[in-house]
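Here the protein sequences come in this chain order: A and B.
Under this note's numbering, the first residue of the first sequence carries the number 1, and numbering increases by one thereafter.
Under this note's numbering, the first residue of the second sequence carries the number 1, and numbering increases by one thereafter.
Incorrect hints may have been included.
[Stated by the list, open to error] Partner residues are not named here, just some residues of chain A that face chain B (Cβ under 10 Å, in silico):
id, residue
1, Leu41
2, Ala58
3, Tyr62
4, Asp76
5, Asp99
6, Gly157
7, Thr158
8, Ser161
9, Arg164
10, Leu218
11, Val219
12, Trp225
13, Glu237
14, Leu242
Because the hints were derived from the structure by calculation, they are not lab data.
Ideal Cβ positions, reconstructed from N, Cα and C, are used throughout, including at glycine.
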Amino acid sequence: MATANIEVSETPLVLYALRRADDALILGHRLSEWCGHAPMLEEDMALSNIALDLIGQARELYSYAAKAEGGDNDEDKLAYLRDVRQYRNLLLVEQPNGDFAQTLVRQFFYSAFADLYWRAMMTSRDTTLAAIAAKSEKESAYHLRHASEWLIRLGDGTDESHARAQAAIDHLWAFTGEMFAVDDGARGLIHAGIAVDPGPLRGRWLQTITDVVSEATLVLPQNDWMQQGGRAGRHSEHLGHLLSELQSIQRTFPGLTW
Amino acid sequence: MYTQALNTAETDDRGLEDAAKAAQFQARIDAEERIEPNDWMPAAYRKTLTRQISQHAHSEIVGMLPEGNWITRAPTLRRKAALLAKVQDECGHGLYLYAAAETLGASREELVDAMLAGKAKYSSIFNYPTLTWADIGTIGWLVDGAAIMNQIPLCRCSYGPYARAMIRVCKEESFHQRQGYEIMLTLCRGSDEQKAMAQDALNRWWWPVLMMFGPPDATSQHSDTSTRWKIKRFSNDELRQKFVDATVPQAQYLGLTIPDPGMIQDAEGHWRYSEIDWAEFKQVLAGNGPCNRDRMAARRKAHEDGAWVREAAAAYAAKRTQRQTAQAAE
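Modelling step: build the complete structure from the supplied sequences, incorporating the hints.
Structure, rendered in C-alpha cells:
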C-alpha cells in the first residue's frame, strides 16, 4: 500500500546524504514554524530566508541520496514517507523552537558547525557533495553571522534576555556532541576522501562558540554529558509530532501528484 | 528616524492650507505629476494615504497567517519552499508599505499598535480559514489575482513612494498568482478527491474574493476624493467586473464551476454575477468573520511574545552607543 513507509537501502553514501538532508529539512521546518509569528518583521524575513536555504540544501541532498540509491525513491518519498525511526537527523535540530533565544541558540550551535563542516567538505572527492558543500558553506556563514549577532544582543541586552539566552544554552548544550560523532559507515567514506571527519573540527567550533558566548556575557555549561541517537533513528519525542504534521497530506492522500 | 527629516510639521498645521496651495496641488495631480514626501499636500490627502497604505501593510502581514497555516504541511518539498518564499514576500510587501507610510510621518510602531488595538483595518479576506491544500492554490489564484487587479492602477497613484512600492509588489503578486493557478491546475488534473478539494475551495472563496473590491460604488465612502487625487483610478465595481471577466475563463479551463448559478454573459461579453451578500461583508468587517479573533490573537501574541527581544536589541544598541561615546572621550 502506498501509505506504508518506503524502504531505503542505506549504503554508507546514501546514509551519509540522508543524515545531512534530514538535518537541513528538520531545522528548516522548525524555522518555518516562525513565519508570521516572529518578534519583528525583519526576523520573519530572516528566519524564513534561513529556512529556505536549509530546505534547498535538503532537496539537493535527498535527490543525491535517491540517485546514489538507484531505486524508485526521490526527494519527496525520502522526506514524506519515512517514519521517525528512519529519520537520521541530529537531536539538536528537532528540538522545539521554544522562545526566540532557544531558536537562535539552536541555530548558533548548528551553523557554527555547518559553516566549518561544509567548508571542509568542499574538497570532497565526490564532486556532487563538493558542489553542495560550496553552496551550503556560503549560506551557513550568513546563518552563523545572523545567529551570533543575535546571541550577543540577547546575552548583553536586558536581564530578561540574558536569562533566556543562558537558559537556552544550558538546555541545548547536551545536543551538541552528536555533531562530531562518527560511526563505522562514515569512517569508510572519510578514508575514501568522500566525507570529512567532523571530530577534529570540534576545537575550532568550540573556539567560535566560546568567543561569541563570552562577548554575549554568557557562559558555557560545565556538564559534558552529551545525548546521542538521532543518527541511528533514536529521536526525542518531538520529532514524531513534527513528522506527522510535515507528512500529513502525503499520508492522508497516498500516491497523488501535488 | 528618517521620517523626522520630512516636512510634516508644516502640513499638520491646517491653518496653512490656503486655497492657493490646494489649487496648485490639484493642478500638479491633474498634470499627472508625482507627489513626493517633502512636497506640500493637503492634510486630508496625507490622512487618506496613511490610512490606505497602512491598511494595505496590515493586510500583507495578517495575510501571512492563513497561508502560513500550510507551510508546515505543504505536500512536497518544492511546494513547501515556494509557499514559504511567497509568505516571506508578503512580509517584504508589508515592510515596503510601512516604509511608504513612514514617508507621510506615521511610524511603523504607531501604525502596528493601531492595528493590534483593533483601530485599523486589514483586508476582510484574511478572516476566512484555509482548510485544505486547495485553499493555498485558490488564494494564489483568486486573492492575489484580485489584489493585482486592485494594485496595478496603484502603480500610477499620485503619491510617489506608494506608486513605486506597488510596482515591485505587483511583479511579485503576479508570480504568486501563477503559482496559485498552477497548484489548482495540478489538483484539477489529479484524482477525483483532488478535483473535489479544488471545487470546494473555489466555492468557499469566490464570494469573499468579490467582496475584496469593497462596497458597491453607490455606497462607497472614499471614492470621490480618492479619484480626484488620483489615488484611485477605477471604481470598486469596475475593478470587480474586470476581475470576474478575467477569472471566468480561467475557471472554465480548470474545469471548475463558479458557485453562482445566476451568472450570465451579457451581449458585450461581460460575466454578470449575482447579488453579493453585503450583510456578510459587514459582519466580517465588524469583527465577526470566522477568523477575525484568531488573526488578531496571533498577531498580538507574536507582538507580545517578541517584546523582550525588541527590548533586548534596543538595550544592546544603547549600551554600545554608550561604550563608543566613553571610548571616544578617553
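Here's how the hints hold up against the structure:
| no. | hint | in the structure |
| --- | --- | --- |
| 1 | Leu41 | holds, 5 Å |
| 2 | Ala58 | holds, 7 Å |
| 3 | Tyr62 | holds, 7 Å |
| 4 | Asp76 | holds, 5 Å |
| 5 | Asp99 | holds, 7 Å |
| 6 | Gly157 | holds, 3 Å |
| 7 | Thr158 | holds, 5 Å |
| 8 | Ser161 | holds, 3 Å |
| 9 | Arg164 | holds, 7 Å |
| 10 | Leu218 | violated, 13 Å |
| 11 | Val219 | violated, 18 Å |
| 12 | Trp225 | violated, 30 Å |
| 13 | Glu237 | violated, 18 Å |
| 14 | Leu242 | holds, 8 Å |
When each numbered hint is compared with the structure, violations occur for hints 10, 11, 12, 13.
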